[in-house]
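Starting from the structure of chain W, add chain C where the hints point.
First to last, the sequence lines map onto chains W and C.
Here the first sequence is numbered in our numbering, starting from -10 and rising by one per residue.
Here the second sequence is numbered in our numbering, starting from 8 and rising by one per residue.
Hints listed in this document are in silico derivations from the structure and should not be mistaken for laboratory results.
Ideal Cβ placement from N, Cα and C applies to all residues, glycine included.
Label-pair distances were calculated between CB atoms; the ranges are: (1) W:Glu51 - C:Ala106: 39 to 47 Å; (2) W:Glu(-5) - C:Leu300: 42 to 50 Å; (3) W:Glu51 - C:Val85: 48 to 56 Å; (4) C:Ala316 - W:Glu(-5): 50 to 58 Å; (5) C:Leu200 - W:Glu51: 30 to 38 Å; (6) C:Ala106 - W:Ser(-8): 44 to 52 Å; (7) C:Pro140 - W:Gln22: 18 to 26 Å; (8) W:Thr45 - C:Asp153: 32 to 40 Å; (9) W:Arg73 - C:Ala309: 56 to 64 Å.
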Amino acid sequence: MASLGELERAVMDLLWAGQEAATANTLRDLLAQSTRPQDGSAGHEGKDLAVTTVLTVLSRLERKGLVERERGTRPHRYQAVSSRADHTAELMHEVLGSAPDREAVLARFIGSVTDNEAETLRKLLGRS
Amino acid sequence: MFWTSYFLAVLAIALAWPVPILLSRAQWPARSPFTAMLLWQAIALAGGLSMIGAMLVYGLEPVGDNLLSGLRALAGMVFNNAPTTDLGFWHIFALSAAALLTAHLVFTLLLTYYKIQRQRRRHRELLDLLASPSADGPGTVVLNVDSPVAYCLPGGARSVTVLSDGLMAALEPDELRAVLIHENAHLSQRHHLLLWAFAAWRQALPWLPTTRLAQESVNSLIEMLADDVALKTESKATLIRAIAIVASGSQAAPAGRLAFGESGLPDADPGQPGATGGTGSAGTTASRVSRLLSPRPPLPEALRVAVLAACALLLALPTALLLVPGLLG
Chain W
-10 MASLGELERA
0 VMDLLWAGQE
10 AATANTLRDL
20 LAQSTRPQDG
30 SAGHEGKDLA
40 VTTVLTVLSR
50 LERKGLVERE
60 RGTRPHRYQA
70 VSSRADHTAE
80 LMHEVLGSAP
90 DREAVLARFI
100 GSVTDNEAET
110 LRKLLGRS
Chain C
8 MFWTSYFLAV
18 LAIALAWPVP
28 ILLSRAQWPA
38 RSPFTAMLLW
48 QAIALAGGLS
58 MIGAMLVYGL
68 EPVGDNLLSG
78 LRALAGMVFN
88 NAPTTDLGFW
98 HIFALSAAAL
108 LTAHLVFTLL
118 LTYYKIQRQR
128 RRHRELLDLL
138 ASPSADGPGT
148 VVLNVDSPVA
158 YCLPGGARSV
168 TVLSDGLMAA
178 LEPDELRAVL
188 IHENAHLSQR
198 HHLLLWAFAA
208 WRQALPWLPT
218 TRLAQESVNS
228 LIEMLADDVA
238 LKTESKATLI
248 RAIAIVASGS
258 QAAPAGRLAF
268 GESGLPDADP
278 GQPGATGGTG
288 SAGTTASRVS
298 RLLSPRPPLP
308 EALRVAVLAA
318 CALLLALPTA
328 LLLVPGLLG
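Just chain W, with the same shape it has in the complex (with noise of 0.2 Å):
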């Protein structure tokens, strides 16, 4: 059995690449196709994957804030609050970011550096 962070990392990955919601039958249909290994023999995770597990992924991922479900249908159909790409400029943002308050949250190699260092810095790699 797949770990929760496995499944809901599928998951989102599923949600990501289909184009429109999906149901977590879908969804668990599709865990099911992707996780069969090649040689046709029986899958050991898709097989035994219960919709119930994916529902509980799913409502972990909602809480999260990563997916949100379509209210008013039966079965209720999820997507992605936001794209990969969203997500990831995100990260990015808090990485890049130089709030006083955000200095904390993470160490980077390279603060940030102004122009006048960055031209530095490339005649000194232009030289060397």
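Just chain C now, kept in the frame of chain W:
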């Protein structure tokens, strides 16, 4: 009592303004970053202690010969409704200010901790989904980003070092190793605790010169400490190349703004961190590189001991002034 509060107030003012300015302009911290780091911590702690102590001692002057008897008398007034007629307006004002400042500092420390933890958790959740494990070790992941980026996200056993695809493409294996050692040094030396404390200190009293200067200097010093760890196994040239490549690649220059470097590296003034604007770490990279290019010997043993003695004195003096008279009497 009066002289104690007077002295503590002078100490508080000295530690809030002239001392940090002098220290931030000094050249020696780059030679012995660890010693300088201890001094900044002593300045911050002694500064806070003497600020609160001065107000407390002044406010309690009419009701006790020393801090402890004064506090006992104050407790009597608060809890047993003893008469407060001995305290004038300014005494009560000073006592309230001391209580408010203490509460403010503790509250800001906790709030900053909570905010940092929340941002880290969110960051880690996204990393779990977006980053793929790296071949460089269990705590290292790779993010699909074109610009060269390397950072570490502290979190106890779940600490993680993040590298971007762009970084892996731009750096040679030895340069990459230098980056990884640098980042792991941040984690193993628990630099995030220092960053937290000084971020909170600045958040609590943003208008005080010492809090900004302290945070900027500490940011810079931890980079130097991590560089020194990397230098133990990697060559100086490797580390400099890694810094230069990452720095020139990660700089996001706004379009239409020309970047003419007027000063060569040797002229770059490491004593003026943040001179170019609000960014806390501006100037750090230049001072790191100039430190690597023209290394100077660490402070002589005697001077280091003197600085450490100054640290101890800074902490012992206000503590002794506050407590010793009460313990002796």
